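Chemist: As you go down the protein sequences, you meet chains A, B and C in turn. Just so you know, we're using this note's numbering here: the first sequence kicks off at 1 and counts up by one. Just so you know, we're using this note's numbering here: the second sequence kicks off at 1 and counts up by one. Just so you know, we're using this note's numbering here: the third sequence kicks off at 1 and counts up by one.
Simulated from the structure, these hints should not be mistaken for lab results. Just to be clear, a hint being listed does not mean it is correct.
Claimed, not checked - PhoX-like, lysine-lysine: derived pairs with alpha carbons at most 25 Å apart:
1. C:Lys117 x B:Lys133
2. C:Lys317 x A:Lys2
3. C:Lys212 x C:Lys131
4. C:Lys155 x A:Lys2
5. C:Lys153 x A:Lys2
6. C:Lys212 x A:Lys2
7. C:Lys74 x A:Lys19
8. C:Lys70 x A:Lys2
9. C:Lys113 x A:Lys2
Unchecked claim - Here's a subset of chain A near chain C, in silico, CB distances under 7 Å, partners left out:
10. Gln51
11. Ser93
12. Leu94
13. Thr169
14. Ser189
15. Gln192
Note that the coordinates shown come from a computational prediction; the quantities given were computed from them, not determined experimentally. We put the CB at the ideal spot given by N, CA and C, even for glycine.
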Amino acid sequence: MKAILHILEHDLRNFFRYKWWLVGLISMNLADLFIMAIVYNRMISSDVAKQITSYFNFFAPGLTVTGLFASAFMIGREINMERRREIHHYMLSLPMTRLELAIGRVLSGGLRGMIYMSPLLLTCFVFLGFPTVAQLLIILIVLFFLAIGISGLSIAIAVSTSSLEKFITARGLVYYTLFFCSSVFYPLSLIQDLGREGKFPAILVNLAEINPLSNASDMIRSFLLGTPPFSPNMILSVIVFSTIFTLVAAFAYIEIIERT
Amino acid sequence: MRAIWFVSQIALFGLIASRMMSVPNYFQYYVAGLSVMTLYSAAIFIGFDIYEEAEHGVFEYLLSLPVSRRQLVLGRSIGGGLRSFIYVGPLIGVSLYVIGAINPLNFLVALFALFLFSFGVSGMSITIAVMIKSSDRFDIFMGVLDALIVRLSTAMYPLAIVQSANPLYGGVASFNPITFAADLFRWGTGLETIITLDNPLIPLLGVIAFFAVFTFVGVIIYEKHIEGGGWQ
Amino acid sequence: MAPIIRIENLTKKFGNFAAVDSLNLEVEEGEILGLLGPNGAGKTTVILMLATVIRPTEGTALVGGYDIRKNPDKVRGLLGIVFQEPKMLWVSTPWDIVNWHAKVCGLSTQERKQRVKEVLDAVDMWEPRHKNVHALSGGMRKRVEMAKVLVQKPKIAIVDEPTAQIDIVGKHKIWNMLLELRDEGSTIILATNELYEADQLSDRVGILHRGKLLICDTPKRLKDSILGGDIVDVQLEKDAPAQIVEELKGLKEVVDVMQVKPTNLRLYLNRVEEVVPQIMNLFMKNGVPITSIRMSEPSLDDVFAHYTGLTIEEAQKNGE
Chain A
1 MKAILHILEH
11 DLRNFFRYKW
21 WLVGLISMNL
31 ADLFIMAIVY
41 NRMISSDVAK
51 QITSYFNFFA
61 PGLTVTGLFA
71 SAFMIGREIN
81 MERRREIHHY
91 MLSLPMTRLE
101 LAIGRVLSGG
111 LRGMIYMSPL
121 LLTCFVFLGF
131 PTVAQLLIIL
141 IVLFFLAIGI
151 SGLSIAIAVS
161 TSSLEKFITA
171 RGLVYYTLFF
181 CSSVFYPLSL
191 IQDLGREGKF
201 PAILVNLAEI
211 NPLSNASDMI
221 RSFLLGTPPF
231 SPNMILSVIV
241 FSTIFTLVAA
251 FAYIEIIERT
Chain B
1 MRAIWFVSQI
11 ALFGLIASRM
21 MSVPNYFQYY
31 VAGLSVMTLY
41 SAAIFIGFDI
51 YEEAEHGVFE
61 YLLSLPVSRR
71 QLVLGRSIGG
81 GLRSFIYVGP
91 LIGVSLYVIG
101 AINPLNFLVA
111 LFALFLFSFG
121 VSGMSITIAV
131 MIKSSDRFDI
141 FMGVLDALIV
151 RLSTAMYPLA
161 IVQSANPLYG
171 GVASFNPITF
181 AADLFRWGTG
191 LETIITLDNP
201 LIPLLGVIAF
211 FAVFTFVGVI
221 IYEKHIEGGG
231 WQ
Chain C
1 MAPIIRIENL
11 TKKFGNFAAV
21 DSLNLEVEEG
31 EILGLLGPNG
41 AGKTTVILML
51 ATVIRPTEGT
61 ALVGGYDIRK
71 NPDKVRGLLG
81 IVFQEPKMLW
91 VSTPWDIVNW
101 HAKVCGLSTQ
111 ERKQRVKEVL
121 DAVDMWEPRH
131 KNVHALSGGM
141 RKRVEMAKVL
151 VQKPKIAIVD
161 EPTAQIDIVG
171 KHKIWNMLLE
181 LRDEGSTIIL
191 ATNELYEADQ
201 LSDRVGILHR
211 GKLLICDTPK
221 RLKDSILGGD
231 IVDVQLEKDA
241 PAQIVEELKG
251 LKEVVDVMQV
261 KPTNLRLYLN
271 RVEEVVPQIM
281 NLFMKNGVPI
291 TSIRMSEPSL
301 DDVFAHYTGL
311 TIEEAQKNGE
């Protein structure tokens with residue numbers, strides 16, 4: 001347990017050292033909410049306006065999830081860099097078990113996501129209204145699971161790709177597919193409509209539906225805005241994703257990182 | 001990574017987001033703006049290169065060469081712009097194909113403006129890099145600038161809508177070089193449905209002024225700051 | 001007493017290439033064992049296997065009684081490593097790195113606060129302790145790497161080229177620190193391709209070449225193992241009589257005698273410190289005054305060349 005805490009301390013401290021990256025991300029997130037979303041509010045078609053009365057209110061929960069996603073995903077980039085520069089040799093030489101090391105890395109990635117997203121979530125509550133205590137607990141627990149799942153996914157990609165080019169490509173493909181093929185920026189119904197019209201591949205429609213980013217965003221919207229209607233599948237999808245990728249990441253980290 | 005971002009923006013975000021917009025032909029409108037955003041993000045990178053060079057001693061080597069400071073900064077500025085243009089060129093080609101651009105003559109004018117725009121962005125990046133002597137502060141400044149400059153422009157939405165959403169945003173967007181470049185690019189495609197310009201001369205002059213300021217004025221600032229180790 | 005490290009047939013292959021080939025070696029508790037060899041000899045690979053960072057292809061090692069394959073966690077609890085290339089993120093600071101390492105190694109808060117300051121001071125990294133690694137020179141990063149082991153005071157320290165990129169004053173400081181570490185009870189494995197470092201610090205030196213251990217013994221015995229490796233130049237006041245030259249050749253440890261000039265003899269021998277008094281007595285007995293005597297011993301480079309046919313520099317140039 002102590003070893004895991006040490007790893008958390010190590011990774012959290014390094015997280016705050018990437019000041020420039022954090023400021024850039026915060027600026028982008030705030031600009032998306034207070035500029036882009038406000039302008040988009042004026043551009044929503046009447047059909048869509050019936051579903052989402054205000055794009056700003058619709059987007060705020062999505063922004064919280066994207067902030068969590070981006071910051072939790074970052075751990076993979078660090079781990080890949082450690083591997084390329086052989087800094088992981090130092091981590092592997094420490095007096096702790098491999099499992100402790102792997103769990104520590106996954107947890108720290110998730111914790112980073114939670115810390116970064118907290119002010120965004122608070123902003124969301126300020127503008128959309130505060131949830132009940134029970135809803136707040138569910139939101140935090142689900143977001144925590146989402147964060148560690150994303151961290152796990154990122155770590156799994158990082159340790160599976162040996163070269164920088166392969167890592168950047170794999171990371172980009174996964175990142176942007178999950179990011180844009182979700183209900184973070186637009187209602188899921190739009191993606192489903194495109195699918196029905198044959199203008200969007202069915203596989204991507206299915207992906208958008210099971211995407212934990214979609215489900216987490218929609219869950220927060222259901223609590224704060226009353227729409228879409230809450231479904232336990234929203235929570236289940238996040239937990240299943242998180243469980244799979246936490247286990248995959250731990251296994252990959254332990255098995256692959258020692259291979260030379 | 002940039003290419004993947006570009007393709008996913010077109011194939012995913014642009015396609016889906018256009019379904020929720022009242023702006024006609026938003027998909028084509030957005031793709032045009034996306035090309036300019038990508039060109040901007042590629043051209044701005046030269047500033048980061050300057051810091052990298054300073055750290056590895058390459059900058060000192062460049063300063064020791066038998067080349068005047070003016071030639072050095074002009075060369076970096078033009079080189080940075082050209083590099084980004086070459087890199088983003090194929091992506092611009094893809095976006096033209098997706099949009100269904102039809103007017104080659106207009107497009108040549110727009111291309112010229114994009115050239116100047118990318119040189120201007122490189123020059124701006126170099127000027128800022130030399131003025132801010134800390135790489136951390138530079139990274140932070142550029143991060144904030146990047147977030148604001150793209151969203152306070154017409155890359156993603158028409159100026160009239162920005163102005164109606166918030167007059168202050170509209171004011172800033174009106175003088176934003178990304179606005180000039182994006183609107184000119186759309187005018188260059190020849191597609192009436194996405195053109196928002198009555199007169200391309202004004203944004204063209206805007207891009208030329210942007211280029212001139214950050215290339216020539218930037219040279220003067222650069223010379224002053226780097227002479228005698230002032231860049232350290 | 002049982003050796004603290006016992007390496008048995010340790011092998012590491014990368015494809016068909018054997019970076020370490022059937023290494024057998026014992027390390028006594030409290031000694032400084034030098035591993036000498038050019039780049040690519042396999043020193044770092046041995047270290048990484050002992051540190052349980054990479055898995056051996058064949059064989060194993062017992063470190064403090066624990067098998068590196070079966071009990072790697074316990075093995076890591078005994079070790080402190082100074083890596084050849086400093087392993088640190090560029091955004092970290094020396095203070096963060098050493099302080100965190102001390103925490104992970106179980107130092108109490110009180111002990112940690114005191115020791116981190118002492119150690120950073122000792123390696124001249126106290127002033128820049130809050131600078132990013134990014135802004136440090138190669139030598140400074142190496143000193144921070146060294147500081148981790150010094151703060152930890154492990155039972156077994158493995159140091160891989162501890163003074164690379166460090167100036168001569170810094171080198172001496174670090175050598176003294178390693179000797180202090182040994183005196184305080186740590187066993188040290190010192191991997192280096194610096195001959196002077198290996199010679200001065202090590203109780204024993206193991207010479208590695210192309211993944212194999214050629215020989216392991218004290219520096220003195222290694223040098224003595226070269227027949228006629230010691231050289232004595234004797235300058236006389238008058239010509240050396242032929243009879244004296246024959247008598248010199250007859251001395252037990254003398255391998256050869258060469259008359260460079262009538263008044264200058266060069267002797268190739270072993271155990272120079274034992275033979276020189278006999279030489280001087282011989283000249284005194286025969287009434288031949290000596291103007292000067294100059295003695296030289298073989299270096300470890302000569303030892304390496306003796307066993308491999310190449311100097312360390314030549315071996316490195318050949319990309320071995």
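Chemist: Now tell me if each hint is right for this structure.
Modeler: Hint-by-hint comparison with the structure:
no.	hint	in the structure
1	C:Lys117 x B:Lys133	31 Å, violated
2	C:Lys317 x A:Lys2	47 Å, violated
3	C:Lys212 x C:Lys131	41 Å, violated
4	C:Lys155 x A:Lys2	21 Å, holds
5	C:Lys153 x A:Lys2	20 Å, holds
6	C:Lys212 x A:Lys2	40 Å, violated
7	C:Lys74 x A:Lys19	37 Å, violated
8	C:Lys70 x A:Lys2	23 Å, holds
9	C:Lys113 x A:Lys2	19 Å, holds
10	Gln51	44 Å, violated
11	Ser93	5 Å, holds
12	Leu94	6 Å, holds
13	Thr169	24 Å, violated
14	Ser189	43 Å, violated
15	Gln192	43 Å, violated
Hints 1, 2, 3, 6, 7, 10, 13, 14, 15 from the earlier list are contradicted by this structure; the remaining hints agree with it.
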